[in-house]
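Novice: Heads up: the sequence lines are chains A and B, in that order.
Heads up: the first sequence begins at 30 in our numbering, then just goes up one per residue.
Heads up: the second sequence begins at 75 in our numbering, then just goes up one per residue.
Misleading hints may appear alongside valid ones.
Derived SDA-like pairs: lysine to any residue, alpha-carbon spacing no greater than 25 Å straight-line [to be verified]:
1) B/Lys131 <-> B/Phe180
2) A/Lys66 <-> B/Thr112
3) A/Lys71 <-> A/His105
4) A/Lys86 <-> B/Phe180
5) A/Lys66 <-> B/Lys131
6) A/Lys71 <-> B/Ala161
Some but not every residue of chain B turned toward chain A, in silico, with C-beta under 10 Å [to be verified]:
7) Tyr109
8) Gln111
9) Asn130
10) Pro183
Calculated directly from the structure, the hints in this document are not laboratory data.
We put the beta carbon where it would ideally sit given N, CA and C, even for glycine.
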Amino acid sequence: GENVEQHPSTLSVQEGDSAVIKCTYSDSASNYFPWYKQELGKRPQLIIDIRSNVGEKKDQRIAVTLNKTAKHFSLHITETQPEDSAVYFCAASRAFGTGTRLTIIP
Amino acid sequence: KAGVTQTPRYLIKTRGQQVTLSCSPISGHRSVSWYQQTPGQGLQFLFEYFSETQRNKGNFPGRFSGRQFSNSRSEMNVSTLELGDSALYLCASSLIILRSSYNEQFFGPGTRLTVL
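Generate coordinates for the entire structure from the input sequences, incorporating the hints supplied.
Specialist: This is the structure:
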C-alpha cells in the first residue's frame, strides 16, 4: 500500500517568516495530494490539494508543489501568522503522513 | 448541509470486549473513510467504503472491520479490544463520482475510545 513520510515533525517559525513542510510518497499511481490542518481539539480540515497533472497550486499565502518524478510534494506558507499554528498533515490519496506541529512565534 | 456526524463521541471499554462506531456522512456523499488517530502515529487509514463496498484498506488486523449501508452510513467494528486500540477514531466523507477518483474529505468530530 501507499506509504507517506512527512518532515519535519515539529517546526517553529517567527511570525511573518515562511514555513515549508515536505512529504514523500511511495506509490507512483497516487494522483491526489491534499493537505489538512488540524487545530487543537478540532477535526482536520482541507487547506489545499493538488492533482498529479499539476506541478504547483497557490491559494493566497499557501502553495503546494508536486514533483511526480521524485515522488515528493511540499507545502509552503508565507507571511505566517499566529493562527497558522496547528498540526499539518499531508496525504497521498488516503494515506496520511505523521503530521507536522507548526508553531508561530510572535 | 449538515456535517459528518459520529456516535458515540466517547466510549470506555475493557480488554476483550468489542465495539461498534457509527458515522453518518454529508448528504450526497457516497464515500466514507475511517482513520485511527493517536499522538505518536498521526492519522492512520483503516478503510474506505464507496457505494457499500470496500474500496481501500489500510494495514490493520482483521479485528478491525467495517461496512456501509445503502444510505451511505457506515459502521466500524473492533473485536477483542486491546489496550493499544485506545485512540480517536475519525470518519470522513467525500463526494466521489468515479470509483477511481479522490476528492476532499470532510471529517467528523471523532469517537474517543478508551480501552481499560
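Novice: Tell me if the straight-line CA distance from lysine 66 of chain A to lysine 131 of chain B falls inside 25 Å.
Specialist: With Cα atoms ~23 Å apart, lysine 66 of chain A and lysine 131 of chain B stay inside 25 Å; holds.
Novice: Has the given pair, lysine 71 of chain A with alanine 161 of chain B, been kept, meaning a C-alpha gap of at most 25 Å?
Specialist: holds (15 Å)
Novice: Tell me if the interface restraint on proline 183 of chain B is satisfied: Cβ within less than 10 Å of some Cβ in chain A.
Specialist: holds (6 Å)
Novice: Once the shortest beta carbon distance from asparagine 130 of chain B to chain A is found, is it less than 10 Å?
Specialist: holds (6 Å)
Novice: Within 25 Å, alpha carbon to alpha carbon, are lysine 131 of chain B and phenylalanine 180 of chain B?
Specialist: Answer holds: lysine 131 of chain B to phenylalanine 180 of chain B is near 19 Å, not above 25 Å.
Novice: Below or equal to 25 Å on CA atoms is what counts here, so check lysine 66 of chain A against threonine 112 of chain B.
Specialist: holds (16 Å)
Novice: Does the closest beta carbon of chain A sit nearer than 10 Å to the beta carbon of glutamine 111 of chain B?
Specialist: holds (9 Å)
Novice: Holds or violated: lysine 86 of chain A and phenylalanine 180 of chain B, Cα atoms, limit 25 Å.
Specialist: holds (21 Å)
Novice: For the pair supplied as a hint, lysine 71 of chain A and histidine 105 of chain A, confirm whether the alpha-carbon distance does not exceed 25 Å.
Specialist: holds (22 Å)
Novice: So, as I understand it, the hint says tyrosine 109 of chain B touches chain A; can you test that by seeing if any CB pair is closer than 10 Å?
Specialist: With a minimum Cβ separation of about 7 Å from chain A (threshold 10 Å), the hint on tyrosine 109 of chain B holds.
In terms of the numbered hints stated before, the structure departs from none.
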